[in-house]
Amino acid sequence: MNQDIVIGRGVSASTRGNPLRALVEPRVYLSLAAILLLLAIPVGVDSAFVYHVFVTICLYGALATAWNIVGGYAGQLSLGHATFYGIGGYTSVLLLDHYQISPWVSMWIGAALAAAVGVAISYPCLRLRGPFFALGSIAFLEVFRLLVTHESDLTGGASGLIVPLKIGWKWMIFREKYPYLLIAFGFLSVTLLVSLAIRKSRFGYHLVAVREREDAAMAAGINTVKVKLLAVLISAALTAMVGSFHAMYTTFIDPPTMFSLEFSVQIAMFALIGGLGTFAGPLAGTLLVVPITELARGWLGGAAGGLHGFVYGAVLLLIVLMLPAGIVGRFGGALARLVSRLPGARPTEDPEVTAELTPVVTAAAAGQPVLVAKNIVKRFGGLAATDNVSLELRKGEILGLIGPNGAGKTTVFNLLSGFLTPDSGTVEVVNESGQTVSPKAPHGFAHAGIGRTFQIVKPFGKLTVLENIMIGALHKCRTISEARCKALRVARHVRLYDDRHTIASNLTVSGLKRLEVARILAMEPQILLLDEVMAGQNQTDVNLAVEMIRNIRDKGVSVIAIEHNMHAIMKVSDRVVVFNSGRVIAEGAPEDVVQDPAVIEAYLGEEYMHAQAI
Amino acid sequence: MFKTGLRTVAAVMLIGALVYLGSAIATAASPPTIKVGALYPFSGSLALLGDESFRGFELAVEEINASGGIQGGKKIELVKADALDPNQAVGEARRLISVVGVQAIFGTYASTLAFAASQVAELSGVPYFELGAISDPITERGFKYTFRTCPTSKNFAHAAVDAIIEAVAPALKIQPKDLRIAIIHEDSLYGTTVGGYEKQRAKEKGLNVVEVMPYSKDTVDMSSLMLRLKGANVDVVLQTSYVNDSVLFFRQMKEAGFKPKAVIGGGGGYSMKDTETAVGAKNIEGAFDIDFTQYQTNPKAAPGIDDFVKKYKAKYGTTPRSGHSLANYFGAKAIFSALNKANSMDKDAIRTQVMNLDIPAGTTVTGWGVKFGPDGQNTRCTPFLLQWQNGELVTVYPASAAVAKLKIGVGM
Amino acid sequence: MDVFLQIVVNGLLLGGMYVLVSVGLTLIFGVIRVANFAHGELLMVGMYAVYLLSKYLGLHPYVAAGPVVIFLFIIGVAIQRFIMQPLMNADPEIQIFATVGLSTALMNLALLVFGADMVSVQATGLRERFHIGSVRLIYANMVMFLTAVTLVVGLDLFLTRTYMGRAIRATSQNRLAAPLMGINVKKVYVLTFGIGAGCVGLAAALVAPTYPVFPTIGTYFVLTAFVIVVLGGMGSLYGAFAGSMIIGLIDSLSGFYIAPDLREVVYFLIFIIILIVRPTGLFGLGRGSE
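Protein chains in written order, with the working numbering: chain A, 1 to 614; chain B, 1 to 412; chain C, 1 to 290.
These are calculated hints, taken from the structure and not from any lab test. Bear in mind the structure is a predicted one, so any value in this text is a computation, not a measurement. One thing to keep in mind: the hints can contain errors.
[Said to hold, decoys possible] Derived lysine to aspartate or glutamate pairs resembling EDC-like cross-links, with alpha carbons at most 16 Å apart: (1) 282(B) with 128(C); (2) 476(A) with 432(A); (3) 199(B) with 153(A); (4) 261(B) with 235(B); (5) 462(A) with 91(C).
[Unchecked claim] Partial pick of chain B residues on the chain A-facing surface, computed with a CB cut under 8 Å: (6) 43; (7) 85; (8) 87; (9) 90; (10) 91; (11) 94; (12) 95; (13) 97; (14) 137; (15) 141; (16) 187; (17) 192.
Just so it is clear, CB atoms sit at the ideal spot from N, CA and C, and this is done for glycine as well.
Let the sequences and hints guide you as you build the complete structure.
Structure representation (C-alpha cells):
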C-alpha cells in the first residue's frame, strides 16, 4: 500500500506557512477540479434526473467520508451508522413540525444529539473489534428503530412524518433543482475538509496509531479511548447533519427508511470499495457505485423484477473480488506517481538535523527516587506473577533487571507503565515538575514521563520509520512539523536516518529494536523502561546499544533495562535487581549481586562473576 | 488488402445508412404518444403486490390503446419504474419527468413511495395519480395535482368496525357492545395506520376493545400472541397484515386451538390467493376481509368485473392474485377518461377535468364511483366486506354487492 | 400455570428451529472467522430447493433433506473456494462485504427466477398437533427439536473424534500454527463452509413444512442467528444450542408478558449486554476482541 496515501505526505511539507502555495501542487489543483465537476456537470446538463443523481452522489459521498472517520481512520467497522443519520432526520422534522424551527438550526441540534448518542453507545463497545463491533452497531441500530417505531406519540411511529412543503432557503425545500445540489455539495465539501484536516493533524496520526497497534499507541502516550470517542463524535455529528438535509429532500421519513440497516451497510461499502482509511477512498467508491446503481435501475428496473438488484449484487461482488484493497489502494500509487509528474509538483525535502538529543530536565536531584513501587502484587488465576515486589529507580541511574525466563520481569514492567494494574501495592512516579503522582492507565504513566519498549517489538508496520517515530514525538510536540523535526533528530541518533522512508515492516531485527527505542525517545521521557533491547543482535550492535543507553542516561533520563545478555547488563548498570518466581531475590551493585549465592543458584553460574573485566 | 479495407468501409457505411433510414422511417411513421410513468415496487419485499397492481394499470392502458387511444387517437406509452425506498422513488420520479419526459405519473401501491414521488411531481408541476396506496396523508398535504382513486386507511378501518356492528354481530346474534374485540396489526406504516383508525372508530362506537397488539411483520412466530388472545377470551379479531404474517396467524391459530367467533382482515395478506394456498382453504374458511373489490362480487354492483377477469387471464395466464389489479384498472380508466376530455396534458386542464368527474357508485368494475374532494381524494369508494368461502374470496356485504350469504365461524 | 408451561414449551421448540439455522453460522463464524451475511439467503435457496423437489418429484420434505444438504454443501464449498479464499489476505471487513454482495445477488436472483409469489410445501400432516398433558405440540416442531439435538451431538462427535474434526478445531484456535502441524488450512476452510452450508440445507428441509418461502425470507432469520451465535459463543455448538433455547424462550415469554412488537428490543438489548460484558459468549472459544 502506498504510504503517501496512508498518511498524506507531500503537500504539508511544501505548504508550510502559505496555503495558497498549495494550489500550485498538481494533487491539489487536480482534486479541486475533479470535485468542481460534481457541480459543473449537472448544471451543464440541466436535467432534473441528473441533478438527482449528483445530489445522491454528493450526499452518499459525504456520508461515506464521515463514516470513514470511524470505520477507516479509527478502524472500528460500524454497520449501524444510520442511527446517527436517523437521529438527524427525526430531530429536524420533529422540530420543524412542532416548533417551526428551520432545518439550518435544527441540524446542529441533531448533530449534538447524535454525537452524544454515538459516544454513549460506542464507549462500552470500544474493546470489540471487527465483526463484533459491527454486530454491536447493528444491534443498537435495530433497538433505535424499534423504539422509534414503538414510541409513536413522540415520533409519529410507523406512520412516519411528513415534512410540510414550505418553499424557500429557510426551509431547505425548493422548486428548482440546483439549490439542492449546492447544499449537498456543501455538505460533501465540509466532510471532505474535516476528513482532510483530521488526516493532517496530530489527531490523525493518533488515529492511525490506535488503529494499527493499540498497545503501542498507548505506550506512546495516546489516550486511545478518548481518540476513538472523538472520532465517533465527529463522524456522528456530520452524519446526522446529512440526515437532516436528506429528510428535507425526500419530505417523508419513517423508521425503516431512516434507521435502515441496508443503508448503513451501503455507506460503509462505498468507503470500503474506494479504499478503507484513505482520504479519497469514500468519494471514489461513491463515484463508482452510485452511477452503476442508478443506471442499472433506470435501464433494468422496468424489465423483470429483481434484475437490477441482481446485477447490482453481482457487480458489487465482482468489485470486491477484483479490488480487495479498494480503488485507491489499487490505483492510488500509480495515479500519485502520474500526478507528481505534472507541473507544479515539488519533491518533499527533509530539513538537515543533528543527532543531538534534547537534554531532559526534571525537578528531581541526582540520586533521588523517581519511580517507586511498594509491595506490588499481581495474580493471574492462582499464580502470583508478581509477589510483593518493592523497588525504586533513582534519578540518573541505570538499573538492570535480570532473572531467569518466566521470573516475571515483563509483568513488572507492565505494572510500572500502566499496562497492568496491581492487585495490591502502589506505584508512584515523581514527574518532571517534582510532584509525586500515582498514574493510572498507560497514557497516564506516559504523561508522568515514563516510556517503555516491548519485548516483542510492536512497530506500526504499515508506516514509515519516520512516521513511527513521529507518533512518539507527538507526545510533546504540538504540530506535525515540530514532530517531524524531532523525529528526524532521533532517527539520526539511533542510526535510522537513512532508513527514514522505509516501511517499518521491511526493517531488520536490529532496525526494529532501534525503532522501538527511537519512538519512545522521541517522547522525551524522564524514565525509560527498556525490555530486552539487545535480544537477538550481534556483538557490534550490542556494544552500540550499550553506548546508546549510556548517552541517554547522560542526557538526564533514568533507565531500567531488562536484559539476558549478562556481559552487557553488568557493563552498563549502576545497580542490578534480580528476580525469580515473581520476587526480588537480590539487589545491589553488579559485582555484589553476581556473587550472591541465591542469585548464582537461581541462574547465573560462576562464569559471569568477572563480567566487569570483559 | 486495400480492396478488403475499402469493401469493409463501404459495407459499414451501407449498413449505417440503412439503420438510420429505417429508424427515421420508424419514428416518422409512429404517431405521437402520451408518455406516462408507472412507478411501482417491482423488487424487494413489496414486489408481489406491486407487480399485481401494475398489471391492472397495464391492462387499462392496453385496452384504451386498442380502442384508439385518447385525445384524438394518441396512444398511451407507459414507462415502468421500480423503487424500493423514498430516495429511489424521488430518483425515479425525477428520471421519469426529466429524462423520459412523462406528463403524468401513476402508481404506487406503497405509501412511503407515494409520499416521496408525489412531492417531486407536485414541485415539478406534473400530475400524480395514486391508484392503490392507502395512507391518508398522501392527499392531506394540500397538493393541487395529486389525486387518489382508491379508498384510504380510514375508509378501511371504519368499514371494518362498521361491519362488526352492521353485519357480523347480527349474524352472531350478539349485541356489538358485548363482543370482546382485539386489534392486532403489523407495526409498519400500513398496519399501524389502519389499526390506529380501527381503535379510534371502535372507541367512537362504544365497542369493547380488550387487546391492541402490534407485532413485527418479519416475525417467525406468533404463538405468544395467540396465547394472549386466547387468555383474553377474544371474540373478534381485527387484523391488518401482510402475507407472511397472515399465513402465520392462521396456522398458529389452529395450532394453539384458538377459535374466535370472527376474524376480519384489513386487506393486505387477507386478500391474496397465495395466503389461501399456504394456509389451506379449510383453515381460512369464514375469515372476513375488508378490502378493495375482489372478483366474487355481484356484477350488478360492479359491471364489467367478469370481463376484467377474462382479460387478465388471457394476458397473464392465471386468475388475478388479488383485487389490487382491479383497483388500479378502475383508477386508470377513470383518470384516462378525464385526460381524454382535457384534450391536452396541461396540468390545470387535467385538474379541471379530473375534478369534474362524476361517476356514480355501482357503475364501474370495482363498484366504486368517482368524485374527488377538494383535496384530491375520491369520496365514493367504500371497501366491501368479503369472506373466504370454499377457497374463494366472496363479497358478502353490502347486500347490493354480495354474491353469497355471510357465514359464521372461522376454520373448520 | 398451564399457560406458562405452554409458553415455555413453545419457546423451547422455537429454539429448536433456531438451532438448526444457527449451527452452520457458528461453525463458519467460529472457524473461518467470517461473518456470513448471506446466511439467510442460503436458507432461502435450500427452501426453494425443497419446494422444487417436493413439487416436481413429489418428494416428502424430510426425504428431500438428503439431496438438499448435498446441494447446499456444494454451494458452501463454492462460496469458500471462489469468493472467500481469494479474499483471505485482505482486510476482514472486505470479506463481510463480499457476503453482503452475495446476499443481494441471491435474493434478487430468486426474485427473477421464482417471482415474488410465496410458495409452500404441502404439510402432509406435519402441522397437526398432539398433546402431552395440557401442553400442545406440533409434529413439525418436535421433529425440528429432536433433529437439532441430534445434529449438535453428531457434529460434536465429528469435531472431537475424527481427524478432520480435530483439524477444524485446531485451525479455529490457531490459524498460523495449524499448517505447521500438517493441516491443509484451505481444505479445512472449504470443508467447514460446506458443512456449515449443509447444516442450513438440513434446516431448510425441516423448516419448509412450517414456513412458506419467498425471496426475502432469509432476512427474517439472519439477525436472530447472529445474536444466537454471539450469545452462545462463536464456534461452540453447545453454545449455539444454549443460545437458541435462550432466545426462543425470551421470544416466547416477552411476546406474551411484554408485547409482541418489543420482543426484538429485548433480545437485541441482551445481545448488546453480552457483547459488552462477555464477548466470548457463554461457551465461546475465541476472543470477542478479534
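* Hint check: 8 Å Cβ-Cβ cutoff, residue 87(B) to chain A -> Holds, about 6 Å.
* Tell me if residue 85(B) is really an interface residue toward chain A, meaning its C-beta lies closer than 8 Å to one of theirs. => 6 Å, holds
* Restraint satisfaction for residue 43(B) [CB to CB of chain A, less than 8 Å] -> 5 Å, holds
* Take the C-alpha atoms of residue 476(A) and residue 432(A), compute the straight-line distance between them, and say whether it is at most 16 Å. => With Cα atoms ~13 Å apart, residue 476(A) and residue 432(A) stay inside 16 Å; holds.
* Asked: Going by Cβ atoms only, is residue 95(B) closer than 8 Å to chain A?
  -> 4 Å, holds
* To do: Grab the minimum C-beta distance from residue 97(B) to chain A and call the hint holds if it beats 8 Å, violated otherwise.
  => 6 Å, holds
* To do: Would you settle whether the hint for residue 90(B) is holds or violated, based on the nearest Cβ-Cβ distance to chain A being less than 8 Å?
  => 6 Å, holds
* **Cut-off 8 Å, beta-carbon criterion: hint that residue 137(B) touches chain A** => With Cβ-Cβ at 5 Å, under 8 Å, it holds.
* Asked: Can residue 94(B) be said to touch chain A, with a Cβ gap under 8 Å?
  -> 4 Å, holds
* Answer holds if the nearest beta-carbon of chain A is closer than 8 Å to that of residue 187(B); otherwise answer violated. => Because about 5 Å separates residue 187(B) from the closest Cβ in chain A, which is inside the 8 Å limit, the hint holds.
* **Holds or violated: residue 261(B) to residue 235(B), with C-alpha atoms at most 16 Å apart** => Roughly 5 Å between the alpha carbons, so the hint for residue 261(B) and residue 235(B) holds.
* Does residue 91(B) meet its interface restraint, that is, does its C-beta lie within less than 8 Å of any C-beta in chain A? -> 5 Å, holds
In summary, this structure violates none of the numbered hints.
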